[in-house]
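Student: Let chain A serve as the given structure and place chain B on it in line with the hints.
Next come the chains, spelled out residue by residue.
2 protein chains.
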Amino acid sequence: MTDFRPTSPYPMITVEEAWQRVADALAPLPPERVAIGQAVGLVLAEDVIAGVNMPPFPASAMDGYAVIASDTAPARAVVGEQSAGLDRFLRVEPGTAARIMTGAPLPDGADAIVPVERTREENGRVVIDGPVSPGDHVRPIGQDLKAGEPILTRGDVLGAAEIGLLATVGHTHVAVHPRPIVAVIATGDELVPPDQTPAPGQIRDSNSDALLAAVALAGASPLHLGRVGDDRDALRQALLDGVARANVVMTSGGVSMGTRDLIKPLLEELGTVRFGRLSAKPGKPMTFATVRGIPCFGLPGFPVSSLVMFELFVRPALRLLAGHQRLMRPEVQVRLAHAVRHEPDRTEFQRATISLREGEYWAEPTGVQVSGRLKSLVGANVLLRLPAGRGAFSAGERVAAMVIDEQHPGLLAVAGSVSRQS
Amino acid sequence: MTDFRPTSPYPMITVEEAWQRVADALAPLPPERVAIGQAVGLVLAEDVIAGVNMPPFPASAMDGYAVIASDTAPARAVVGEQSAGLDRFLRVEPGTAARIMTGAPLPDGADAIVPVERTREENGRVVIDGPVSPGDHVRPIGQDLKAGEPILTRGDVLGAAEIGLLATVGHTHVAVHPRPIVAVIATGDELVPPDQTPAPGQIRDSNSDALLAAVALAGASPLHLGRVGDDRDALRQALLDGVARANVVMTSGGVSMGTRDLIKPLLEELGTVRFGRLSAKPGKPMTFATVRGIPCFGLPGFPVSSLVMFELFVRPALRLLAGHQRLMRPEVQVRLAHAVRHEPDRTEFQRATISLREGEYWAEPTGVQVSGRLKSLVGANVLLRLPAGRGAFSAGERVAAMVIDEQHPGLLAVAGSVSRQS
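Just so you know, the sequences run in chain order A and B.
Mapping the first sequence onto this note's numbering, position 138 (from 1) lands on 138, and the numbers just tick up by one.
Mapping the second sequence onto this note's numbering, position 357 (from 1) lands on 357, and the numbers just tick up by one.
Note that these hints are calculated values from the structure, not bench results.
Heads up, a few of these hints could be off.
To be verified - Heads up, incomplete: computed chain A residues facing chain B, CB under 8 Å, no partners named:
| hint | residue |
| --- | --- |
| 1 | Q38 |
| 2 | V40 |
| 3 | D63 |
| 4 | A77 |
| 5 | E81 |
| 6 | G103 |
| 7 | D209 |
| 8 | L217 |
Quick reminder that beta carbons are idealized off the backbone N, C-alpha and C, glycines included.
Isolated chain A (complex conformation) (with noise of 0.2 Å):
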């Protein structure tokens, strides 16, 4: 029987300062060059600049015929059709048209197209309703895009329309910041897979996939180290490979005061703790730590808080290492539909749903907090942020809430907008 570590020898810090210890061990994953279609979603490391006009050659916007805007020939010769594609380029002179399919190159001559809808045509001449200006439908060389025009910024993060735009240009490889490689482990004598039935003392670990679904809806790669007990041997081995394979370690247990809670001192051994205790519930057990350079984040063994805590610092460290800008999700303030209580000596998040009344968002709790229960997490929009310093909330008072369902139909909903439905 070792013995307790009765006061932690680490301080208990606020949200605030754990997050800039956390981004100050940080920097962007060096960027790898791979192919556009591996890139959806990824944030650009490089500038990219058109190297090609777009489109290359003046080009009909219109199914129709090409003509001289000018020419005053009620009817004029249909010379042939031009489609999109042909490297065979029609002439149209006075008095004749070409038909011209959408996308296709301008015939010599031409300075106009005439819509199909417009258009008679019988016996191998066109008759045009309406005036003709030139340029009418035709797009210029370089309408889309010119060549030399920066059109994508280190930064940018490629969605649909960026994919295309690179490969309209020719640019079918791009640097990329990586998605992060997280490696997963829970701790614990008492865990048994899911698909195990329990003995006595033990329970189910919820804890991998949870943080593996949490992983991979952040955008990055989960790796599954497994279960391991509560020995050091076995802990210290799993934590090396997951730095030698990962680019984020995350554990989750093991990080209380009881003598069987061995993360932190096996982070201290093989790196630098470099917080051990969070003014925050739930949360006061968290701990970050660098170990050869990769960041690892011992999170809090109840379901609930291994969550919350995944909220707040591994997610904004996950964007952070892929290259995003905005790293945290978006807060709003809200009123509390309820009287809230609330113990003044830490930061508490509490889980909450948020729905709109009279142009403001009202926030109603899901249910008993406690931080086993994931059902308090299941439907909840947001985690209410009730600051240290003060005691219980009363109803009607203002706090800050983190949006963590940020598709949710309510939140957009500002006063007086429209809703399409479905």
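Tutor: The following block gives chain B in isolation, referenced to the frame of chain A:
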């Protein structure tokens, strides 16, 4: 030279009517049972009931000592250490206490936990500071979950907390609506792969990469069927291949009225065209059909047109197939920072960025709005919806805007919000 089809056989319908026809033709994909690790982000297709209590035994919420609350002994003999995961259970009697670790089962006889911070152990005896009440820091059986309690409901989206809950109760495989597989086909004789240099009259295919990215970002599985020239037999084969291998087929190009625009006639031949023209800009030639029960979207060929049509029809359709309840992007009311030109005959979707000023969203269009100009979508966070039936809009007027970048920092920052800095 085959003939133009100068008048379309398809009536021009509104965006709302067109969406209704899409929705009427679709139903969520039949549920499949998958491992929870494969279910992240998918929609649950069954109700899940807790089969066990959580915790399954009275458990300690802290590291400390298990005691009898009513015990008046000034110092208690420590009978041993109760760790998590052991099936050896200690017994606490008056005058004794047991060390206990967070998560460990409460020893027989004990009814409260005293946190280690409030204790002092010397020579095998522990002295407790302050009063103790029965139940202190004990997590009773079923505190987190009660056996028989519904924990998740058909229609829930499986995020990290939901996946963790399923693991907790040993529900390791779960019925979900699968990710739709979406076949992507780019059409046009003028297209070359993005890594080739276009010959005169040719352009690089950007739609394939852009639409494959859009499918992935919508949470569906892209299937690239490549580029097909304007050849009836090759297009028929590609469409049939897509219908056989995917849940949705999406083409780009080939839907105008030119002689090479073969998609509509082929969809008529193979299935049922449900609409073939849309009263929208961009998107007039937008087409929707079903072939052997498979929805087929014929998107216009211009890059912006195809992505805007993806947003309006394909993304919500993919969400419907995946079982989501919320199909559409949220819409907000915005005020125009500048006057906007608009022709009253069609609903127009302009790309813009919105930001918050004095409690209202203000919209700034993202440059020239021609259909080819993908750059107008880069950085856009909304599509302004300019309704048919009236002409130009003045600066300051209010219009609806579909939010396409829900993570944009300005969007949730309603008046008075705090912004957590990174």
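Student: All hints are to be evaluated individually against the structure, with a verdict given for each.
Tutor: Against the structure, the hints come out as follows:
no., hint, result
1, Q38, "violated (10 Å)"
2, V40, "holds (4 Å)"
3, D63, "holds (4 Å)"
4, A77, "violated (14 Å)"
5, E81, "holds (5 Å)"
6, G103, "holds (6 Å)"
7, D209, "holds (4 Å)"
8, L217, "holds (6 Å)"
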